[in-house]
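The lines below spell out each chain.
Number of protein chains: 2
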Amino acid sequence: MASEAPAKRQKSAKDVPYSLVYWPGIPGRGEHVRLALEEAGAEYSDTAFTDGGIDEVMAFVQGKAPDDGINPPPCAPPILKHGDLVISQTPNILQYLGTRLGLLPGADEDPDALYRVNALALTALDGLSNEPHDCHHPIATGLYYEDQKVESKRKSEDYVKNRLPKFMSYFERVLGSKASGDGPWLYGGRLTYADLVLFQCVDGVKFMFPKAMGKLEKDGKHEKVFALHKAVAERPKIKAYLESPRRQKYSSGIYRYYEELDVEP
Amino acid sequence: MASEAPAKRQKSAKDVPYSLVYWPGIPGRGEHVRLALEEAGAEYSDTAFTDGGIDEVMAFVQGKAPDDGINPPPCAPPILKHGDLVISQTPNILQYLGTRLGLLPGADEDPDALYRVNALALTALDGLSNEPHDCHHPIATGLYYEDQKVESKRKSEDYVKNRLPKFMSYFERVLGSKASGDGPWLYGGRLTYADLVLFQCVDGVKFMFPKAMGKLEKDGKHEKVFALHKAVAERPKIKAYLESPRRQKYSSGIYRYYEELDVEP
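Quick mapping for you: the protein sequence lines, in order, are chains A and B.
Take the first sequence: its position 150, counted from the start at 1, is 150 in full-length UniProt numbering, and no numbers get skipped.
Take the second sequence: its position 243, counted from the start at 1, is 243 in full-length UniProt numbering, and no numbers get skipped.
Since the hints were derived computationally from the structure, they do not count as laboratory data.
Identical copies look the same in the list; a pair holds intra-copy or inter-copy alike.
Computed list of lysine-lysine pairs in DSSO-like fashion (alpha-carbon distance at most 27 Å, straight line):
id: 1; residue 1: K149; residue 2: K166
id: 2; residue 1: K221; residue 2: K64
id: 3; residue 1: K161; residue 2: K218
id: 4; residue 1: K178; residue 2: K166
id: 5; residue 1: K161; residue 2: K149
id: 6; residue 1: K166; residue 2: K81
id: 7; residue 1: K224; residue 2: K211
id: 8; residue 1: K64; residue 2: K166
id: 9; residue 1: K224; residue 2: K64
id: 10; residue 1: K64; residue 2: K215
id: 11; residue 1: K14; residue 2: K81
id: 12; residue 1: K230; residue 2: K206
id: 13; residue 1: K239; residue 2: K249
id: 14; residue 1: K239; residue 2: K218
id: 15; residue 1: K215; residue 2: K230
id: 16; residue 1: K211; residue 2: K153
id: 17; residue 1: K64; residue 2: K178
id: 18; residue 1: K161; residue 2: K64
id: 19; residue 1: K230; residue 2: K218
id: 20; residue 1: K178; residue 2: K81
With the hints as constraints, model all of the structure from the sequences given.
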């Protein structure tokens with residue numbers, strides 16, 4: 001056995017960069033993972049910007065990645081690799097990162113915080129990411145938008161009228177609850193990964209449904225949600241990231257702009 | 001201060017029964033929570049069987065539950081109350097229960113197991129619970145099925161042809177991976193809450209799409225998934241539960257039988 005001094009300087013198995021496996025060309029669900037890594041100033045690689053990155057995504061998607069013996073095969077990106085760990089599912093990756101990157105209260109301080117924050121992240125993803133996605137793909141993810149335009153219009157009208165205000169009002173209520181604490185954040189008076197998720201959701205929905213979100217912004221009933229969006233965008237590391245080429249433009253991912261779906265609220 | 005002896009006999013804040021807040025009349029998403037509690041033999045109450053239970057559900061849904069000062073208000077049931085903790089979101093509740101009820105490997109033994117198991121649960125819920133729900137409500141959850149029958153048929157056809165086989169094949173692959181270990185379970189050669197989730201999802205989809213699931217069962221390519229369904233159903237506590245009046249019939253919840261949606265695969 002070597003002496004203890006070098007061992008202390010050795011990197012632990014998890015003291016290695018994070019690897020994000022996600023589709024190139026769209027922010028998509030991978031963007032939630034990027035925002036957590038960027039806010040924390042973590043070192044990471046990203047298949048969206050790596051030569052041959054798409055091949056790695058495809059190997060996972062097609063079930064051709066070799067069985068590594070310790071991780072169940074992931075079903076779909078985003079996938080996070082960290083040391084020997086390979087995990088999928090956006091809220092799951094965020095929970096893993098949140099614990100490690102200081103985007104959650106510590107377990108000593110508030111052991112149930114992770115469940116409270118996880119519920120907020122899951123709810124934002126349900127109502128402000130999955131549902132908007134389904135507004136342009138209500139029938140089948142495997143069909144083009146053009147093959148389900150009529151149904152998309154119908155779903156978008158319902159979303160803008162009923163679902164979007166419901167979720168925006170819900171988060172306004174969370175931000176006004178005692179558990180949110182002081183300041184612009186959802187839980188405990190401090191930034192957690194749920195704030196980053198809500199930022200990205202609001203940002204994407206503003207892009208996809210500018211008329212409806214413009215009205216919600218003007219009506220003054222969701223001021224705390226819009227203030228959170230602004231507060232996240234102004235954080236120094238997030239601001240630098242949003243201005244960098246790493247921040248991809250919305251295109252044909254979750255949040256899409258189709259004039260005919262941008263219905264009057 | 002009292003002596004230490006009585007304090008040791010006092011119940012800790014969390015050594016109290018669990019309370020499930022969920023709609024009466026349908027198994028729904030609450031069923032995943034029930035299965036975890038039943039398998040563990042945990043003491044719990046359930047608003048589905050409590051006088052005035054519906055009022056408690058409605059208070060939460062309408063945002064009229066008082067601000068308790070420590071929990072963000074939940075958005076929708078299922079909601080779990082445990083001591084002072086109030087949390088929502090099915091996979092989140094399961095993670096909390098999994099840790100406490102022995103439905104996950106211990107953190108000392110396998111500290112990353114919770115992320116691997118959580119990913120499996122989230123994927124089953126996405127593809128085998130949320131998507132089947134959207135097969136009868138593709139346009140708007142606030143409309144009746146009868147108002148979106150044409151779109152439901154179209155979505156169900158795609159689901160049965162493309163999505164259902166995709167997710168069934170995915171879980172067959174997980175069950176054949178080295179990380180699943182020996183025996184019928186998804187991860188680590190032992191029962192976790194992800195197995196209970198997959199059981200309930202397969203059970204519900206069999207009810208909703210008997211033709212498609214009958215074909216998948218016959219084709220012999222998904223034997224491990226069907227064997228897991230059987231293995232969960234035969235566990236003594238689950239068996240007793242399934243035979244009890246606490247196990248509600250599928251009706252107008254997530255999994256519904258409409259003859260016209262039970263399309264030929």
